[in-house]
Each structure stands twice: as structure tokens, then as C-alpha cells.
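Undergrad: Spelled out, the chains give:
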Amino acid sequence: MDINQFKKLIPHYLTNELQPKYLQSFKEFLQTDPAARQELEAFQKSWDLLVEFKAIEPDPGYMSRFWTSVSRQPGSWHKNIGMGFKRLVPGPVLAAACVVLIIGFFVIRDQGYIQLVHREKSQLDDNEIELVEYLGLVENYDLVTDTEFFKNVETLKKIRKKQNKQSLNYSKVQGVS
Amino acid sequence: MSQSPYFSDPDAQLMLEFLGGDKASFEKLMRKYYPRILNFIYRYVGIREIAEDLTQEVFIKVYHNARSYVPKAKFSTWLFTVARNVSLNELRSHKRKTVSMDESLETGENEVRPQWQDLAASDPSEDLAAKERASMVREAVARLPENQRVAVLLRRYEDFSYQEISQTMKISEKAVKSLLNRAKESLRNKLSGLLDA
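Line by line, the protein sequences are chains B and F.
Just so you know, we're using the numbering used here here: the first sequence kicks off at 1 and counts up by one.
Just so you know, we're using the numbering used here here: the second sequence kicks off at 1001 and counts up by one.
Calculated from the structure, these hints are not laboratory results.
Do not rely on the hints blindly, as some may be mistaken.
Stated by the list, open to error - Mimicking DSS-like on lysine-lysine, the simulated pairs with C-alpha atoms at most 27 Å apart in a straight line are: (1) F:Lys1174 <-> B:Lys8; (2) F:Lys1177 <-> B:Lys27; (3) F:Lys1072 <-> F:Lys1174.
As the list claims (entries may be wrong) - Which chain F residues stay away from chain B? Per the calculated CB distances, all over 10 Å, these: (4) Asp1009; (5) Ser1025; (6) Met1030; (7) Arg1031; (8) Pro1071; (9) Asn1089; (10) Leu1091; (11) His1094; (12) Asp1127; (13) Asn1147; (14) Lys1170.
All C-beta atoms in this analysis are idealised placements derived from N, C-alpha and C, irrespective of residue type, glycine included.
All chains, please: the whole structure from these sequences, using the hints.
TA: Listed below in C-alpha cells is the structure:
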């Protein structure tokens, strides 16, 4: 063993992890070579010297500073609930659930309306039902009363018919002459 | 279903009590760990003010993300993992901000290193030799690669076992031993000036 091999084994020796096959030769080299003893001491001393890196004391107000910081963070509990919910329910499942909810809302709303109409209708007699059904016409009252437009259409048709007839007569006269 | 052995960890119990709504349990945890986390981060980043801010950030993160804590390791290893991540993010962002202004920070090793303030100069009670010794030790620790530095801090100052360090750093115990051995060799070389004196 030389000093370089010895140096490489020192950390293992210091943590009692040197394999038995090296341990004997390591100890022999340590006893015979003064440089080896010096090197081993230097290793130990360098580890001990780390104590010179002194600890510091925390600022006395660290606890109040912490609670102030926590209270200043807005909506932290909302965030926690949101994060927890996200973890429990994956994104695609959440999107599908939203679609089902929206469709479900419209279906339930229409069903509710139909049930309401049936309930109201069941309380009416035959005459009232007939009256109610004709009430649909009232909604189209403006259209029904706007018959002027249809009148004009009829007039236009009559004029066109008359014109056609006249042109036919004229062509007949031309053919005779 | 078998329960995690870490449920019996008193700190894990406090955490579970806090999850049940007991804020006093969280305060107990803070009083116990705040000084340790502060010093771990201080030795990691090198500046007291930043260490104070980051320690606050660590506990705020723990407070808000308490529900993500599962006692599958000791509470302390989980807490120190959070502290390491927060510190690492800080050093990375600090490097990004300063590299353009100070090219000397580019080490070529893709390594993040603390920016040391001269604390010794602000403490008149220390004599000159002690100041110099402390400064050299701080510098030697700061110059260790990031993963070796974390392993040294946890082993030397927090008295963590190899298993606890491996859980905190999420590496094997064999890798932890290897990191520590290389760190010790490195420290021995960097502190040779003090050792020969």
C-alpha cells in the first residue's frame, strides 16, 4: 500500500466501513508510516473543523411574521379545496360531468313545463280547453290581421292573368291579318 | 392494510393533528424545526436575510400543502426535502439573475453555489484568527458541489443517518456514502491551510 491508496481508504476507515481485506494492510501502513498518521489526523480534523460554521438564532418575531404571511395569502382555503377537488376528479371526467349537467338542466326544465301544462289542463272543462287551444291564434294576431299583403298578391295575380289574355288576343289578330 | 411505521413518529402525529384543524400542533412543529431549517438553509445559501425568507417560505408551503403529507417517511426528512427544494430554486434563480452581471459566477460545472456575505466582519466579538477560520470553513462548504453540500449539512449538523439522508435526497444509501466520502476528501484538501497551522 502507498500513501495515495491509503488516502482513498481513509473515509471508509473513519466510518467503520473498510472491507476486512483492506483493514489489516491499512492498519499496518498506519503504524509504519508517519505521513499516514498525519493524513488520518488531517481528515478527522477537517470534519471537526466544520463546527466553526456557527449556527444563527432565528429572528424573535418569526412566529408572528409567519401567521401574518399566512393570513395575507388570499383565498388559501379556496385554493386548498380546489386543489383537493382537482386531485380527486380528473379533468376529462369533470368536463363530461359539466356536459351532462347542462343537458340535464334543459331536460328537467322542459319536463317541468310539460308537467305544469298537464296539471293546469286537467283542471279545465272541455269548453275551456277548446278556448285555450285557440288561444294559439291570438299569438299570431298581427299576422292574421295583416291581410292587406295577401289582398295585394291576389290583385297582382289578376293583373298578370289579364295581361296574358290580352297578349294572346293580340297575337291572334296579327296572325289573321 | 398495514399502517406505515412512521405513523408513530410524534412529529407525524402533530402533523395529523394539524390536518384535523389544530393550529397549535403546527406551532409546536414550527418551534421545534424552525431553528434547524433556518440553519440548514443559512449554511446552504450563505446569506442570513435570504435564509430567514426561505425558512418562512418553507413553513408556508408546509402549511398550505399539509394535505399532501403522507407519513411514509419521518416528518423531518420530508421537511428537509422541502427546505432543500426551496433553497435550490432560490440559488438557481439567483444565478440566473446575476450571471449576466458577473461572469465570474459561471463556473463551467453547471453548479449552483451560495453567495457569501462576510458575517465575520460584522461580528466584533470574534478575534481575527477565529474570523479567518470560520470564513475558510464557510468557503470550503460553499465550494462543495450541491449534492455533496446537502449530504454534509445533513450528516454533520443535523446528525442524520445514511438512511435519512437517502430519503431526504431521494438517492440510495450507497450514493450517500459515496457523496460523503468525496466531500470529506474535498474538505480535507480545501482546509489544508487550517490543518497545517
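Undergrad: All hints are to be evaluated individually against the structure, with a verdict given for each.
TA: For each hint, the structure was consulted:
no.: 1; hint: F:Lys1174 <-> B:Lys8; verdict: holds, 16 Å
no.: 2; hint: F:Lys1177 <-> B:Lys27; verdict: holds, 22 Å
no.: 3; hint: F:Lys1072 <-> F:Lys1174; verdict: holds, 21 Å
no.: 4; hint: Asp1009; verdict: holds, 23 Å
no.: 5; hint: Ser1025; verdict: holds, 14 Å
no.: 6; hint: Met1030; verdict: violated, 7 Å
no.: 7; hint: Arg1031; verdict: violated, 8 Å
no.: 8; hint: Pro1071; verdict: holds, 18 Å
no.: 9; hint: Asn1089; verdict: holds, 18 Å
no.: 10; hint: Leu1091; verdict: holds, 18 Å
no.: 11; hint: His1094; verdict: holds, 19 Å
no.: 12; hint: Asp1127; verdict: holds, 13 Å
no.: 13; hint: Asn1147; verdict: holds, 16 Å
no.: 14; hint: Lys1170; verdict: holds, 22 Å
When each numbered hint is compared with the structure, violations occur for hints 6, 7.
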